[in-house]
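Chains as they are written, first to last, in this note's numbering: chain X, 1 to 357; chain E, 358 to 732.
It is worth saying that the hints were derived from the structure and are not from the lab. These numbers come from a predicted model, not from an experiment. The beta carbon of each residue, even a glycine, is placed where N, CA and C say it ideally should be. Any given hint could turn out to be false.
Label-pair ranges, simulated between beta-carbon atoms [to be verified]:
{"no.": "1", "chain 1": "E", "residue 1": "Arg636", "chain 2": "X", "residue 2": "Gly121", "range": "33 to 39 Å"}
{"no.": "2", "chain 1": "X", "residue 1": "His161", "chain 2": "E", "residue 2": "Asn545", "range": "30 to 36 Å"}
{"no.": "3", "chain 1": "X", "residue 1": "Ala66", "chain 2": "E", "residue 2": "Arg642", "range": "57 to 63 Å"}
The residues making up each chain are set out below.
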Amino acid sequence: MTATEEKRADTEVQAAGESVQPKPEQPNPGQPATMTMTLIQAVNEGMRGELRRDPRVLVFGEDVGARGGVFLATAGLQAEFGERRVFDTPLSEGAIVGAAVGMAVRGLRPIAEIQFADYIGPGFDQLTSQAAKLRYRSGGQFTCPLVIRTPSGGGVKGGHHHSQSPEAYYCHTPGLKVVMPSTPYDALGLLRAAVRGEDPVMFFEPKRLYRAAKGEVPTADYVVELGRAAVRQQGSDISLIGYGGVMPDLQKAAEALAAEGVSAEVIDLRSLVPWDRETVMASAAKTGRVVLVSEAPRIGNFMGEVASSIQEEVFDSLLAPVLQVAGFDTPYPYVQDRIYLPGAGRILNAAVKVLNY
Amino acid sequence: MLEAFPTQPFQVILEDGHLRPGATFDQTPAQLRELWQSMTLVREFDRKLVTLLRQGRTTFYAQASGMEATQIGIARGLRPGHDWVWGYYRDQGIALGLGLSLTDVVAQMVGSNNDLNKGRQMPHHSGSVASRFVSGSSSIASQVPPAVGMAMAQSYLGLDEVTVCTFGDGATSEGDWHAGINMAAVKNAPCLLICENNQWAISTPVERQTRSESIHIKAQAYGMPGYFVDGNDVLAVQQAVKELADGMRNGGGPALLECLTYRVGSHSNADADAEKNYRSREQVRGWTDRDPITRFEKFLALQGQEIGSQERADFVALIHRQIEGAVQQAESSGIPGWQSMLDDVYSDTPVHLRRSYEALRQEQSGQAMQVQEGA
């Protein structure tokens with residue numbers, strides 16, 4: 001974690017303390033201040049902590065019990081908390097999402113796993129007709145705070161039903177909040193914030209970073225507030241903005257640019273709905289050059305909204321058109337997996353194009 | 358004890374109003390009169406709202422006429438304000454039966470400032486947290502998995518509440534219906550799933566909805582009991598619902614209950630002449646001859662508790678006055694303006710909605726250019 005990020009982390013704990021009132025665990029004098037963990041360990045730790053903290057929290061989905069989930073996100077949770085709180089469900093996304101809605105209305109805090117984001121389809125109506133609209137349609141009488149966790153994105157040779165990035169569908173549904181962490185720190189902090197919040201949250205986990213993303217995570221309780229981006233690297237010449245699985249590629253592209261004497265600012269949105277306009281606009285106004293990166297297909301890509309907002313708000317500061325690097329408008333391919341994904345090279349080329357405009 | 362998977366629907370009152378031999382009931386005369394009044398309220402609500410619709414004072418109406426015994430029987434078989442109901446759009450009878458006031462239901466239909474749901478949905482989507490009647494979605498059968506999840510929560514929390522989920526015969530073809538009922542069975546969730554089988558899904562008759570010999574028989578495949586009652590017999594419905602709900606309070610699992618009834622009216626005003634387009638007048642007449650309120654009146658007369666013609670006329674007039682009062686109250690409370698359009702999307706107001714609010718405020722306060730009519 002960079003110094004900037006650590007500083008930001010401190011502010012986040014304080015800021016979130018006011019809004020969500022987490023119950024910080026008692027400091028343990030023998031405990032180290034941080035632990036190294038992978039992104040999936042952070043997800044696991046996040047659920048474990050919330051299950052311990054709050055008896056209203058339940059974890060369920062397909063194969064999440066004894067198996068611990070196909071990616072082992074829920075490993076050990078059933079053994080610790082029992083089958084009443086961590087359980088397998090029938091193979092039925094509509095039932096999983098729908099059950100989460102009903103539990104939440106009755107006061108529980110469900111964390112439901114959808115095995116792959118590609119399979120949410122049968123639960124789509126539950127998300128868009130029930131979860132997203134319940135608060136609004138009832139004039140705030142009924143609410144359903146819940147978390148749908150699901151692995152998403154490509155890079156694991158999974159073909160199109162284990163690789164897609166469907167987050168934009170949910171960003172397009174008012175009433176849902178949508179996040180996608182790319183670091184263990186954010187995964188843990190965002191998961192806590194999602195569980196402790198009052199809204200339905202789609203929690204997308206970039207599966208190719210599950211074990212690739214490793215980092216230091218504080219052992220003390222903290223949350224990452226939804227709607228706040230992270231500036232991964234400060235820079236002055238160009239802004240590289242992304243989220244999820246592409247973040248390591250943005251860093252690599254920034255390093256390549258640095259070798260050429262170009263100072264790139266790297267921003268991880270982390271949260272798509274709501275998204276951090278303030279941080280993005282400040283960066284775009286500062287550098288005047290922006291590349292937006294997301295591996296989802298280009299048409300209807302969430303970054304289109306970011307691009308549109310940038311040109312509306314800081315048009316006078318722009319020195320070049322805002323470019324998008326995205327997935328292709330094809331079903332996600334199988335053998336060309338790595339060609340399909342944006343990758344550092346494609347990001348670098350876009351950056352050069354913007355810089356030479 | 359109700360028998361699972363019967364060949365004939367359970368009845369307490371026979372078609373001619375006589376008590377079925379062997380059947381019993383434990384309502385006091387006052388309670389029986391209340392059942393008649395509640396069913397009559399639902400019937401007259403239909404009549405009055407159709408009139409209001411024709412006057413352009415509401416935009417949409419779907420009658421529940423013919424289904425009063427089913428809906429009032431369900432409401433009276435439960436503990437209002439204690440048990441939860443996830444209903445469907447034609448459930449105004451259940452809403453009224455559970456204790457939503459005429460003002461609550463009418464205000465929702467008008468979409469006025471005194472609507473508990475803030476005018477956010479078209480008519481027929483009442484909801485009241487006090488009555489534990491969940492504001493519904495129009496999406497057919499989408500209430501089934503959430504109702505099951507709620508029952509799972511009640512079971513987890515050790516509550517003696519029951520969740521009832523109602524739906525029509527058409528809903529049983531939806532994926533969510535199967536997903537929900539299967540989850541309920543697997544998790545032994547105390548959810549009472551009730552099919553108000555009125556035999557029509559807009560213009561599609563039940564025999565073109567399923568090849569199954571009945572709706573309740575489907576429960577067998579999911580591993581839960583299926584029950585079948587005469588949905589035009591209010592005492593049968595009430596007894597069945599109460600018995601099943603009480604069984605669930607005492608640790609019982611889910612059940613599917615089919616109430617066989619009939620949609621006497623068209624689907625809605627958007628479908629105003631069903632008999633011209635897709636069903637015969639003979640069929641409708643066959644069911645109006647089996648009217649649930651008439652049957653109950655015959656029963657009351659045979660019990661020595663006849664509804665006199667003056668009593669009926671006075672009660673109907675009273676209801677019409679009350680509905681008219683509720684309509685006037687709704688109309689005089691006004692229609693929500695732009696200020697509340699962006700509320701209740703989330704628990705907080707994210708920056709994008711704050712920006713929208715500001716833009717809308719400027720537009721609505723006349724700061725934006727206007728296009729002149731006819732320009």
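ask   = Regarding Ala66/X and Arg642/E, is the given constraint of 57 to 63 Å on their beta-carbon distance met?
value = Given a distance of about 60 Å, which is inside 57 to 63 Å, the answer is holds.
request  = Starting from the range 30 to 36 Å, see whether the pair His161/X and Asn545/E falls in it by beta-carbon distance.
outcome  = Given range 30 to 36 Å: holds, Cβ gap about 32 Å.
query = Does the hinted range 33 to 39 Å hold for Arg636/E and Gly121/X at CB?
reply = Since the Cβ atoms of Arg636/E and Gly121/X sit about 35 Å apart, the hinted range of 33 to 39 Å holds.
When held up to the earlier numbered hints, the structure conflicts with none and fits them all.
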